[in-house]
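When you get a sec, could you build the whole thing from the sequences and use the hints?
All you need for our numbering is the position in the sequence shown, starting with 1, plus 142.
Misleading hints may appear alongside valid ones.
[Unchecked claim] Computed list of lysine to aspartate or glutamate pairs in DMTMM-like fashion (alpha-carbon distance at most 25 Å, straight line):
1) LYS266 - ASP226
2) LYS229 - GLU161
3) LYS216 - GLU241
4) LYS185 - ASP226
5) LYS229 - GLU241
6) LYS229 - GLU205
7) LYS180 - ASP208
8) LYS221 - GLU241
9) LYS253 - GLU241
10) LYS257 - GLU241
11) LYS253 - GLU205
12) LYS167 - ASP226
13) LYS192 - ASP219
14) LYS230 - GLU206
15) LYS221 - GLU173
16) LYS185 - GLU166
17) LYS266 - GLU205
[As the list claims (entries may be wrong)] Simulated DEER-style distance windows between Cβ atoms:
18) GLU173 - ALA249: 28 to 38 Å
19) LEU204 - LYS180: 14 to 24 Å
20) LEU204 - ASN236: 17 to 27 Å
21) GLY246 - GLN176: 18 to 28 Å
22) THR187 - SER209: 12 to 22 Å
23) LYS180 - ASN245: 36 to 46 Å
24) LEU204 - GLY225: 15 to 25 Å
25) VAL207 - GLN175: 17 to 27 Å
26) LYS266 - GLN175: 32 to 42 Å
27) THR269 - GLU161: 30 to 40 Å
Because the hints were derived from the structure by calculation, they are not lab data. Glycine residues also receive a C-beta, built at the ideal position from the N, C-alpha and C atoms.
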Amino acid sequence: MFSFFKKKDKPEKTEHKIELSLQEKDSITEENQQLMAKIAEAKQTEDLAKLYEKLGLNYAKLEEVDSAIESLEKSLDYKLSIGDGYKKLMSLYNAKRAEAARNGDDAGIDKYMNKMDEMRQIAKKVTISG
143 MFSFFKKKDK PEKTEHKIEL SLQEKDSITE ENQQLMAKIA EAKQTEDLAK LYEKLGLNYA
203 KLEEVDSAIE SLEKSLDYKL SIGDGYKKLM SLYNAKRAEA ARNGDDAGID KYMNKMDEMR
263 QIAKKVTISG
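Now the structure itself:
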């Protein structure tokens with residue numbers, strides 16, 4: 143009748159990765175090259191922040207995680223924000239932390255936990271400063 147203490151079967155989580163077509167990958171790669179050219183010409187830090195954020199998001203789409211992290215970190219160096227780049231960087235850090243945990247890499251776990259803590263501090267700063 144009542145099943146308060148019975149374990150319920152949970153459906154297994156399946157990751158839904160969207161595979162990009164070769165044409166989409168080429169398009170994103172071409173866009174990245176254009177962004178790099180704009181970055182070389184940009185003078186204002188706000189423009190640089192937006193360009194690096196877009197570049198990082200594109201790298202994430204291409205599953206180039208390390209390049210994505212590097213670009214998104216540069217974006218936050220130029221201007222703190224909690225937009226799409228912030229969210230993607232947080233998820234990339236979490237994925238790297240999970241990978242380190244699966245591999246038994248304590249230093250990697252600590253590194254990415256600290257980076258996630260830094261991201262939370264950024265969110266606090268941005269929220270408080272409005």
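Evaluated hints:
Distance hint between LYS266 and ASP226 is fulfilled; the C-alpha atoms sit about 16 Å from each other, no more than 25 Å. With a C-alpha separation of about 21 Å, the suggested pair LYS229 and GLU161 falls inside the 25 Å cut-off, and the hint holds. Simply put, LYS216 and GLU241 have alpha-carbon atoms about 23 Å apart, close enough for the 25 Å limit, and the pair holds. Between LYS185 and ASP226 the CA atoms are separated by roughly 23 Å; this keeps the pair inside 25 Å, and the hint holds.
Pair hint LYS229 plus GLU241 holds up; C-alpha atoms about 18 Å apart against a cutoff of 25 Å. For the hint pairing LYS229 with GLU205, the CA-to-CA distance comes to about 16 Å; that is within 25 Å, so the pair holds. Of the supplied pair hints, the one linking LYS180 and ASP208 holds, its CA atoms being roughly 21 Å apart against a limit of 25 Å. The hinted pair formed by LYS221 and GLU241 fails the criterion: a straight-line CA distance of about 29 Å is larger than 25 Å.
Of the pairs offered as hints, the one joining LYS253 and GLU241 holds, with about 12 Å between alpha carbons and a cut-off of 25 Å not exceeded. Proximity of LYS257 to GLU241 is assessed by CA-CA distance (about 15 Å); at most 25 Å being required, the pair is judged to hold. Between the alpha carbons of LYS253 and GLU205 the distance comes to roughly 21 Å, so the proposed pair stays at or under 25 Å and holds. Only pairs whose Cα atoms come within 25 Å are accepted, and LYS167 paired with ASP226 is accepted, the gap being roughly 20 Å.
Taking the CA atoms of LYS192 and ASP219, the gap is about 11 Å. The hint holds against a cut of 25 Å. Under the criterion of a C-alpha separation no larger than 25 Å, the hint pairing LYS230 with GLU206 is consistent with the structure, at around 13 Å. Using a Cα cut-off of 25 Å, the hinted pair LYS221 and GLU173 holds, with the two alpha carbons roughly 22 Å apart. Simply put, LYS185 and GLU166 have alpha-carbon atoms about 30 Å apart, too far for the 25 Å limit, and the pair is violated.
A distance of roughly 29 Å separates the Cα atoms of LYS266 and GLU205; the hinted pair therefore is violated under the 25 Å criterion. One distance hint, 28 to 38 Å for the beta-carbon pair GLU173 and ALA249, holds here, with the actual separation near 35 Å. At about 18 Å, the beta-carbon gap between LEU204 and LYS180 stays in the expected band of 14 to 24 Å. Between LEU204 and ASN236 the CB atoms are about 19 Å apart, so this pair conforms to the stated range of 17 to 27 Å.
Hint check: GLY246 to GLN176, Cβ distance near 41 Å, so the stated range 18 to 28 Å is violated. The hinted range of 12 to 22 Å is satisfied by THR187 and SER209, whose Cβ atoms lie roughly 21 Å apart. Taking the beta carbon of each, LYS180 and ASN245 are about 37 Å apart, inside 36 to 46 Å as hinted. Look at LEU204 against GLY225: about 20 Å separates their beta carbons, and that is inside 15 to 25 Å.
A hinted range of 17 to 27 Å for the beta carbons of VAL207 and GLN175 is consistent with their spacing of about 20 Å. At roughly 36 Å, the beta-carbon separation of LYS266 and GLN175 lies within the given 32 to 42 Å, and the hint holds. Distance hint check for THR269 and GLU161: the Cβ-Cβ separation is about 36 Å, which falls inside the suggested range of 30 to 40 Å.
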